[in-house]
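*Asks:* The residues making up each chain are set out below.
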Amino acid sequence: MLDFVARRLVAIIPVLAVVAIFVFLMLRLTPGDPAAVIAGDNATSEQIDAIRSKLGLNEPIWTQFAIWIGDVLQGNFGESFFFKKTVAELIAQRVEPTLALATCTLIIALSLALPLGVLAAWKHGSLIDRFVMAFSVLGFSVPSFVIGYCLIYVFAIELGWLPVQGYIRIGVDFWGFLERMVLPSLTLGIIFVALIARITRASVLEVLNEDYIRTARAKGLSNRVVLMRHALRNAAVPILTVIGIGVALLIGGSVVVESVFGLPGLGRLTVEAVLSRDFPTIQAVILLFSVVYVLINLLIDISYTLFDPRIRY
Amino acid sequence: MIEDVVDSAAIASASTKRRSLWALAIRNSSVIVGGVILLIMLAIAILAPVLGTVDPTRIDPAARNKKPGTEITFRLDDGTTVKRVVLMGTDSLGRDVYSRVIYGTRVSLAIGVAVSTIAVAIGLVIGLISGYIRWLDGIIMRIMDGLMAIPGILLAIALVSIWRAGLITVIFAIVVPDVPRVVRLVRSVVLSVREEPYVEGAISVGTPTWTLMFRHILPNTVAPLIVQGTFIAAAAILVEAILSFLGIGIPPEIPTWGNIMAEGRTLFRVFPHNILYPGIFLAFTVLAINIMGDGLRDTLDPKMSKKV
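Chains A and B, in that order, are what the protein sequence lines are. Under this note's numbering, think of the first position of the first sequence as 181, with each following residue one higher. Under this note's numbering, think of the first position of the second sequence as 36, with each following residue one higher.
To be clear, the hints were calculated from the coordinates, so they are not data collected in a lab. Among the hints, a few may not be true.
Partial chain B-side listing against chain A, Cβ under 7 Å, derived [to be verified]:
id : residue
1  : P186
2  : P243
3  : R304
Listing some non-contacts, in silico: residues in chain B with all C-beta distances to chain A over 10 Å [what the hints assert, rightly or not]:
id : residue
4  : L144
5  : E235
6  : A269
7  : V321
8  : I326
For every residue, glycine included, the Cβ atom is placed at its ideal position computed from N, Cα and C.
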């Protein structure tokens with residue numbers, strides 16, 4: 181087991197190296213001079229040149245790469261071109277809303293999708309089943325920002341139940357924080373519910389045909405126990421796999437949802453950095469998201485053993 | 036993360052029964068429903084100029100922010116005026132939202148088709164090379180793993196921002212994150228097919244590599260690629276809308292559904308129609324492609340349908 185984790189962790193290194201090199205080269209080898217953007221429209225070429233050398237952009241490309249990798253390994257990710265801060269500080273400031281959004285989304289999505297999926301499988305072919313299937317296709321087809329604006333329109337503007345947008349730190353006002361998390365996480369959660377409900381239905385449906393389900397029923401166990409303890413648990417591996425794949429959707433979706441709801445998170449930071457050509461920030465954010473994505477999928481692979489003792493590494 | 040294992044027996048039987056499979060596919064109810072909606076969308080795109088539209092880029096300061104159904108006075112180029120009811124209202128520059136939505140159909144369909152065709156073509160070539168030339172396989176797949184580790188939308192955002200926004204750059208920015216997925220699919224088909232007796236037989240009688248690839252291996256990739264291509268097209272239309280919505284996609288004067296919605300963001304509280312109507316068109320189109328994709332997958336690629 182430990183051996184497996186160690187091997188997988190080592191295998192992550194080349195993947196991340198490819199990400200780092202790719203992101204770095206992608207930004208450096210394309211036209212568009214960040215120094216010119218920083219200097220503004222009225223700057224002279226001397227001023228632009230001064231900024232270029234201050235940012236280290238006049239160094240040979242491999243020197244720049246080596247400096248950057250040094251910064252990454254030191255954990256500060258270099259200094260932002262725009263804010264007088266290291267990128268690590270910038271990310272630390274912005275990480276809370278994104279983490280909160282991702283957590284709330286997962287909680288909402290799982291607590292909706294698992295019962296829906298199990299119910300659809302249990303009542304296979306019924307109206308509920310059709311509804312769940314139709315909802316899951318629809319969930320994939322409506323862009324999250326359209327869902328977001330529809331929710332804002334109904335619940336914040338027409339009904340006035342919840343605030344339209346904004347963010348309050350969890351430590352400042354917990355109730356205000358929760359109020360502002362409901363709509364964003366519902367918005368982001370819809371596609372997740374669609375994804376998870378669909379796979380839950382499919383895998384529970386497969387498990388329900390197994391002999392041990394018949395045995396469980398024959399023992400006289402209630403439907404709830406059969407479905408939750410026997411069926412869902414045995415259907416857990418594909419569901420977990422899909423949650424892992426869905427993390428990419430969560431990250432991409434957070435960029436959009438944070439823009440719609442004005443959350444000052446990492447997704448917003450990404451868009452700001454991209455628009456202002458803040459290379460160190462773009463590199464760091466992409467690298468960070470990729471690390472998170474890969475690590476979560478590793479965690480999920482490890483967690484298979486919890487749900488299915490037949491799996492051994 | 037999970038290696039896509041393709042059942043070679045299913046592929047082999049699929050290729051011998053190819054003709055009957057296609058007949059099955061076009062009789063599948065999901066394929067028909069999705070296909071009909073898409074044909075309607077295609078008709079809208081082609082017939083845009085004759086569907087009662089005006090120039091979608093025409094700015095009319097006198098008719099800004101009209102609600103749907105308002106009658107406005109429309110001044111023609113020769114100075115005469117006509118009354119015109121704006122079905123979907125106007126935006127904050129006085130452009131007719133109905134005309135923009137109708138013309139937007141062209142851009143979205145073009146993006147869907149272009150992205151899926153290019154991604155499948157590039158992925159097919161790289162996948163065939165990777166599956167067939169062993170010493171390149173390791174290098175190519177490590178690069179693809181790296182690309183796949185970057186969440187797709189993030190990569191597209193980064194790419195489009197460094198290549199100045201335009202139709203072509205947006206298409207390629209959406210293509211790049213899709214390529215590794217196609218490569219893995221093609222490679223897995225090639226790896227399983229090349230062990231088949233009929234391929235070994237073809238090698239043993241001295242069939243040239245190119246003939247082998249095109250006649251014996253390539254046809255096996257067609258069914259899964261068509262299924263994959265449909266889903267890529269659906270996702271591409273969504274990603275284009277997201278990029279335009281974030282303000283980093285296709286230049287704002289070009290009428291696309293994402294651009295109309297981006298423009299409608301600021302005044303959303305008062306005039307939700309700017310987001311609602313293009314949103315409905317967008318959802319309908321993507322829904323139709325997804326439904327069709329589900330139907331195609333069930334008939335052409337039954338092995339994959341079990342994996343959802």
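*Asks:* If a hint holds in the structure, say so; if it doesn't, say that too.
*Replies:* Here is what the structure says about each hint:
no.	hint	verdict
1	P186	holds, 4 Å
2	P243	violated, 34 Å
3	R304	holds, 6 Å
4	L144	holds, 15 Å
5	E235	holds, 32 Å
6	A269	violated, 7 Å
7	V321	violated, 4 Å
8	I326	violated, 6 Å
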